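Undergrad: Assemble the complex: chain P is given as a structure, and chain A must be docked to it using the hints.
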Amino acid sequence: MSDAVEVKTLVIDGRELSARRGQTILEVAQENNIYIPTLCHLEGLSDVGACRMCLVEIKGSNKLLPACLATVFESMEVSTNTERLQKHRRTILELLFAERNHICSVCVANGHCELQALGQEQGLTHVRLPYRNPELTVDASNERFTIDHSRCILCTRCVRACAEIEGVHVWDVMGRGINSIIISDLHEDWGTSSCTRCGKCVQVCPTGALFDKSKIGSDHPKYPDFLPYLNLMREAQ
Amino acid sequence: MSQTITIDPVTRLEGHGKITIQLNGQGEVEDAHFHVTQVRGFERFSQGRPFYEMPSLMARICGICPVSHLIASAKACEAIMSVRIPHTAAQLRRILNLAQMVQSHALSFFYLASPDLLLGMESDPAARNVFGVVAAKPELGRAGVALRRFGQHIIELLANKRIHPGWVVPGGVTEPLAAAKRDEILAMLPEAYANIGLALAAYKQIASTFKPEIEVFANFPSLYMSLINEDESIEFTDGALRMIDAQGNILDDGITAGKFSESIGEAVENYSYTKFAYYKPLGYPQGSYRVGPLARLNIVKSMGTPKAEDELAEFKQLAQGPVESSFYYHHARLVEILYGIEKIEQILSDPLILDKHVRAIAGVNRLEGAGQAEAPRGTLMHNYKVDENGLITWANLVIATGQNNNAMNNGVLQAARHYVKDGKFTEGVLNRVEAVIRAFDPCLSCSSHAFGQMPLVLSLLSPDGEVLDQVIR
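Going down the list, the sequences are from chains P and A. For the first sequence, the numbering used here begins at 12 and goes up steadily by one. For the second sequence, the numbering used here begins at 666 and goes up steadily by one.
These are computed hints drawn from the structure, not numbers from a lab. Fair warning: this is a prediction, and the values are worked out from it, not measured in the lab. The beta-carbon is built from N, C-alpha and C at its ideal position, and this holds for glycine as well. Some clues are possibly wrong.
The list that follows gives simulated cross-link-like pairs (lysine-lysine, DSSO-like), each with its CA atoms no further than 27 Å apart [said to hold, decoys possible]:
1. P:224 x A:1021
2. A:683 x A:1050
3. P:70 x P:19
4. P:226 x A:826
5. A:1021 x P:233
6. A:869 x A:966
7. A:876 x A:1050
8. A:846 x P:226
9. A:826 x A:1021
10. A:683 x A:876
11. A:683 x A:1089
12. A:966 x A:945
13. P:226 x A:1021
14. P:74 x P:98
15. A:802 x A:826
16. A:940 x A:1089
17. P:226 x A:1050
18. A:1050 x P:224
19. A:869 x A:972
20. A:876 x A:1021
21. A:1050 x A:945
22. A:826 x P:233
23. A:826 x P:224
24. A:846 x A:972
25. A:924 x A:945
Here are the simulated distance ranges between beta carbons [to be verified]:
26. A:945 x P:144: 35 to 41 Å
27. P:240 x A:849: 40 to 46 Å
28. P:122 x A:712: 25 to 31 Å
29. A:707 x P:60: 27 to 33 Å
Extracted from the complex, chain A is given alone in its bound form:
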């Protein structure tokens, strides 16, 4: 008799989702799906609005990564305006984006993932949260909170607001950086370096104990995509996209935002509101690829900052060619935090960062524009069409979670097949299946309102809907 296991909702994620695992008559896993169960509608209700309102409107998609949406949206608007923004504005935006990456990665690693990593996959679910981490490893808990504050405080200093700042606008930013604020950021750096040092050391110490998980946490060959600079160093704000294959060979390079839709298509599955992005020349689902920290470190040849460069070299030792297990998203995330801190220091040391010319003004010069950026969890692309008065007639957003969607589904199936035996499962099994999703740090709603204390029910159902077994926590 076949059965279905449902994990609803999946906890410690950003947004609402559920997992279903279908068992066959022998109690073996037949199939598994990760469902995103909410619909947002931003692409529809932005129609008819002035294009220059889009950054502030689209930033509301997410309370954790509003800066990524602000930047991708502003860049799409700048394509419509056909302007090149002042150098200082571009550099200020780069700092803002890096600060957000640091705080978002700190949230993902310390608040959402570290309870599994530091306390154990089988530890008491009641204490398997950030408070449990603070109680068990106070130094690391504090480092996590401090790194998140570090990123958030830089965003607040630059843009006057931690969440949904209105500072990034089409054409640049609204006000230049004051010297006093720059000095305040520089003064925060030593503590940030110390905190990420602690986290990296702790991670490397425990990583070896997770060998079984590393084997089955979405560990398979795939394509990877991310932004990259012309000198092949890591890039979050500008540059162009590169796609590599499972062996690390370059499949496509120099994909600008304007050409994004020529290379990337989106498929729809009836079990999820999130679309499934794929590389068009290979079709769906063969052209599915991964984005985010793992993809970025697999693609780039250098970090461009000394400490992160050493960490990248160590990361590349994990595998011949691309690192395949999605468990290493955690590792890559910590390397990127280190890079973010170093890069912020590098940019702030340029005296031009205080230049007062930070905004270009223009009207509608093209009827379509696209912009792309690296959000903490992967590539983000905004594409708009406008009428001659600049009112939005069509919008499309391709978010990181959609690009990792196929890998997350395959990862859930891989882990479920490994852990669910004879139709039996324990709470620890359930948690491991969820942890596969957590490794990707998806933003399901691309909004901040839904993680935290949620009831979790895992049910084993017969084909006629009868509850055969249930775990509630």
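Chain P with its partners taken away, still in its complex shape:
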């Protein structure tokens, strides 16, 4: 029993559960079919806690913690869907929609967008903040794919997929705060960057920011489910 699993017991939404030491709240919740909304999290990629959609309440703490990064501890009591959390989640979505130009009706991801789906799921009926309508560019220099910064929510899934899975690290974030923007290589055109054209970033992008040119006008569902399998097969080798 040298590799004995250290078991923690905790309560999520009134349910008494057990978990392994080091597991995140999100992992435990998902194992037990407790739904916590996520956006920047993706199975198969490391977590960064960028979007704050998965914030949960921990009894005894006034601070909200991202379930994707917070690990469990003994006797922890977690609430995942309080009124306060619902309000915060809706506000986060409002901020995301107001920040850039998310025009669902003409977006390539319309009907297949995680941001749009979350808005509907969280009961977002309108945005109370003034839209910023920033003037953002589109980089269509890659012969197969396009990046439209108007639709980007800076979740950095593309950055992580490229660095962690493909191992090329073409994508990164330039600038700070609201001026942050995804760049390829050292802010060069995507078409002339060191990109391998593997398309993983397109498949993991939750919105219409990264898309396949040949899919324009058609349904453009994305298939990010390949990541855990890819990791599994690599570990097996």
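TA: Frame of chain P; chain A shown alone:
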């Protein structure tokens, strides 16, 4: 003392507009203008967007004729891609365009114009609307609603959505037609034929009672332009443009979208946000021309479908040469509805319509492209320039309403001069001046959000702005 009469807004139109009538010291009409008072900005904010996004973006210009914008835009994109779309895709688009023409014409005739025609120009303004028509002539009211539904339902069957469907894309359409949907459309045809038959009969019965209006509703010689096939039959989706003069002689022929801007120029007047198109060789305003149903029937030699062919022959009897009164736009619209139903039946009878190959794929092969189509209310042209990555650097749209702009202004002046006497006007006079504009069925915003119940104020102002008389409804 000179005065100005203002009709603001003009009702039962698609979009926001107003009319001003300037009177001189003797109370005679000095001048009159039709103002389009809104600006949209599509040509500017599409800059920087990928060209293949243009059809869905541009379709948002209008909720009534999004299909025309989709088709003209997709064709402009195909010019950039340098592709010829599959035959079946072209035929499917043709059905979509005809279905839209039918529903838009039904909207114009039954919902917007028929209250004036069936209830009378002087009838009670409170009931002079589509509900009044349904109450007074239930059979015709129902026929109008059914014809609009017929067109809209075909659009929904083909493209999965009635308004702003995403089915038309650069290179063709996104999915082929299923046999079950074709059969559903075919099953709707008998009722549609019956309804347009009713409407044509009713129109012909009342047309003779509108002789005074026919005389002064933008009734003057002008040039006309529309798409036409090589066999001189009517065309809404492909073909090339023909321009005829006031006597019906061909001035210019075979104007493809790529050559549109060589023949057509656009002037700007300071009283309207809508531009004024003109035929370049004659200059502005001498080169002003009319487009739309009246122009199309004046230009074509045949309809290519049997029932509409008979109606065209009857229409051509209205005048020696081109039919000049814009009142006959209403008549032409009904003939075109009949043609649309017949043509849809004709195209659907071809088994190739179910072919699965409906889209061509290509990238940027040219840096500029133009596409044209006949919208219900006239010729529509989209012209784009792109950079080597396919991002829009410049866009220009020439819409039907801009091409009819000069004729509408002259028509308002003609009607105002005839009806406004000694600076006096009644509600019926006001309505007739508006009805001149309605005959053209303009799309002022080229959007659907603004017709319906709007307050209408007609004011008689002194030169220093003092309200001398006012009619409110």
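Undergrad: Could you run down the list of hints and mark each one as holding or not?
TA: How the hints compare with the structure:
no.: 1; hint: P:224 x A:1021; result: holds, 21 Å
no.: 2; hint: A:683 x A:1050; result: violated, 34 Å
no.: 3; hint: P:70 x P:19; result: holds, 16 Å
no.: 4; hint: P:226 x A:826; result: holds, 19 Å
no.: 5; hint: A:1021 x P:233; result: holds, 24 Å
no.: 6; hint: A:869 x A:966; result: holds, 22 Å
no.: 7; hint: A:876 x A:1050; result: violated, 48 Å
no.: 8; hint: A:846 x P:226; result: holds, 25 Å
no.: 9; hint: A:826 x A:1021; result: holds, 20 Å
no.: 10; hint: A:683 x A:876; result: holds, 26 Å
no.: 11; hint: A:683 x A:1089; result: holds, 19 Å
no.: 12; hint: A:966 x A:945; result: holds, 25 Å
no.: 13; hint: P:226 x A:1021; result: holds, 17 Å
no.: 14; hint: P:74 x P:98; result: holds, 15 Å
no.: 15; hint: A:802 x A:826; result: violated, 31 Å
no.: 16; hint: A:940 x A:1089; result: violated, 31 Å
no.: 17; hint: P:226 x A:1050; result: holds, 22 Å
no.: 18; hint: A:1050 x P:224; result: holds, 19 Å
no.: 19; hint: A:869 x A:972; result: holds, 16 Å
no.: 20; hint: A:876 x A:1021; result: violated, 52 Å
no.: 21; hint: A:1050 x A:945; result: holds, 22 Å
no.: 22; hint: A:826 x P:233; result: holds, 23 Å
no.: 23; hint: A:826 x P:224; result: holds, 23 Å
no.: 24; hint: A:846 x A:972; result: holds, 25 Å
no.: 25; hint: A:924 x A:945; result: holds, 12 Å
no.: 26; hint: A:945 x P:144: 35 to 41 Å; result: holds, 38 Å
no.: 27; hint: P:240 x A:849: 40 to 46 Å; result: holds, 43 Å
no.: 28; hint: P:122 x A:712: 25 to 31 Å; result: holds, 26 Å
no.: 29; hint: A:707 x P:60: 27 to 33 Å; result: violated, 40 Å
Violated hints for the displayed structure, listed by number in ascending order: 2, 7, 15, 16, 20, 29.
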